[in-house]
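Start counting at 1 in the sequence shown, then tack on 1, and there's your number in the working numbering.
I should point out that these hints are in silico values taken from the structure, not numbers from a laboratory. Take every hint as true, because none was put in to throw you off.
Pair ranges (Cβ atoms, derived):
1) Lys-30 - Asp-59: 17 to 27 angstroms
2) Asp-17 - Ser-50: 27 to 37 angstroms
3) Lys-73 - Lys-28: 13 to 23 angstroms
4) Asn-16 - Arg-75: 14 to 24 angstroms
The structure displayed is predicted, hence computed values, not measured ones. We put the beta carbon where it would ideally sit given N, CA and C, even for glycine.
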Amino acid sequence: MGLSLNNRKKNKMENDKQFTITYYAGKHKKHITRLGKWIDGCRYWTDNSGKAIFTYFDIEADNFRNATVSWKVRF
2 MGLSLNNRKK
12 NKMENDKQFT
22 ITYYAGKHKK
32 HITRLGKWID
42 GCRYWTDNSG
52 KAIFTYFDIE
62 ADNFRNATVS
72 WKVRF
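Please model the complete structure; the sequences and the hints are all you need to start from.
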């Protein structure tokens, strides 16, 4: 499941930090890789059902997207 709390503390995301993120996109029914950027509005959170969510800014789409349950971030 995404980055654990300990990893988040060790690898704190910084504003304007670019990364690639790979996750399973239910909409596309396959794993996708996107170029993202950590900006204001990005966050790690849990929805009411307990599902882990990573909200990030997709540079190519110029919009926010959500990765859920499992993802991999590379700097």
